[in-house]
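As given, the protein sequences belong to chains P and V, one line each in that order.
My numbering puts the first residue of the first sequence at 2, with every later residue one more than the last.
My numbering puts the first residue of the second sequence at -19, with every later residue one more than the last.
Keep in mind that the hints were calculated from the coordinates and are not lab data.
This structure is a prediction, so every number in the text was calculated from the model and none was measured.
C-beta: ideal position from N, C-alpha, C; glycine also.
Check the hints yourself; a few may be wrong.
A partial selection of chain V residues facing chain P, derived with a Cβ cut-off under 10 Å [claimed, not checked]:
# : residue
1 : Leu92
2 : Met128
3 : Leu129
4 : Ser132
5 : Val206
What follows is each chain in one-letter form.
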Amino acid sequence: MLLFILQRFGPRQWGDIPELTSEKRSILLHTVTDDGTLGTEEVNVEFHPEDKVHSGWSLFGRATTVIGAGTGMKGNGGPVEEGRIGARGGVGDDAVETMADGDSEGLETDETNLSPRDTARGEGEEQSSLDQARDAYQRARDDIIKAHNLVLKIYWAETWRIREWEIMTYAWTLGKTDKFIRGHVPEVKYARDFDRYSTRHIRDFLNLQDDKQAGTRTLRLVVMNRLRPIHDLRGEQLWDAFWECFACRCFLRGLTTIH
Amino acid sequence: MRFGSVLHVGVFCAVLRPSTNKVSSGHYRLWINGIHHGDISLNNLMYSVSPAGKAEGVLNDYDLASWDKFPTTNGDRTGTVPFMALELLRGGLEQRIPRLYRHDAESFVWVLAYLIAITIEYKGHSVKISRPPYFNPWFRDDFRFNCMLKRSLDKNYGREFRIPGYHSLYLTTVRKLITHWVELDNAFLDLKAAGSTELETDDPKGILEGLIKWIGADSQKGFAKVQTLLLEVIEAPKVM
């Protein structure tokens, strides 16, 4: 009986989302206005599945996937050159910008008790080749960001939570007058909820909903400016950027209420 | 106990001092109208390059954030387990410990400790992050062991594993920062052990003041700039 039911499933019943097919590579989203609402205007956002920023495929949770995107027009008005980003870095199926926390394997170097002075000793040559690889990486990243200056975040958001673009827009607004926020929060540009894929439908059908709809998720797409992972930085640059994040007044908003 | 430790434990004990009048909001410095990130992890700390070419830290990913302006009835726990605050880890996922500023601030410290210790290999446009095996339990489900390892991390930091040469400059500073937060955790544990059942008031300013005072008693590389920054943050006028 189960097989009989399953064979009647079309691609859509199997979870295929036609708006996000890799052949189409573009999707209509709404502009996020200054007050954090979605405008009626639709913008065509090009996305690039081969340019993975973060891949969190999962049957559970938010299953967040982040890929490179653009509005199809570069600063000079010309179209984005397809395939250009592969010229240096070679964006392939397994090319992910960074590995998620917990995915990395153990340190490949000696693990004995060594002091920092010991660590520094004999690292000269190794450091030189590391620096070269790092420079090449930075150049490749620059090329990618130049070609796809936005990211498209696709995830299954809990509907009881505040929409991410609302909180980000508020933070961005605070940044207009607060130098500790300005430049230290991402800029959200376009977004859309695809409620027809919401888990609300099946939960309603199976009578699983409670009053708070706490278990309901919806497919949410958010487009933001493209950022770089902080671990790309080193030394003083890393130190400064880290404490800028720490000090971000958006995060410390409570301080503004107690003067 | 070092001078800095005495200072910060004193400050934090003062923060936790039971209110003499529970009805009065004067003793209850609520963190209202605040955006609470709730998920400080390595992946959520980013940077962008300003038009002037400066790398600027960006706090990313607000899908788990909460905003007092839109309270929810769901008392969920959020965060990335490897960088979760000791108190939250001790409570386990089933306990609903109120989310406080100090929890997120502590997560920042664990991220920094990890960030300074990892090594990165570059391959084309992608990177591979390798961590010392010492950190592996952070990524497992044994929260108590994770907690235990973190509480002794300052003693082992840079000794049980190597810190990459280009970050060794900050080794001692990070070690001291970990000590600071572990001693803060001890202060809270002592209060609980003494039978305090008072609901803790969230006090980001008190936490930062404690950190600033503690930094002031230290002369480690990099701390002077941090102290100046945090002082500015505390003294800046209300925005909206």
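Here is how each hint holds up against the structure:
no., hint, in the structure
1, Leu92, "holds (6 Å)"
2, Met128, "violated (19 Å)"
3, Leu129, "violated (15 Å)"
4, Ser132, "violated (15 Å)"
5, Val206, "holds (5 Å)"
Violated hints, listed in ascending order, are 2, 3 and 4; each of the other numbered hints is respected by the structure.
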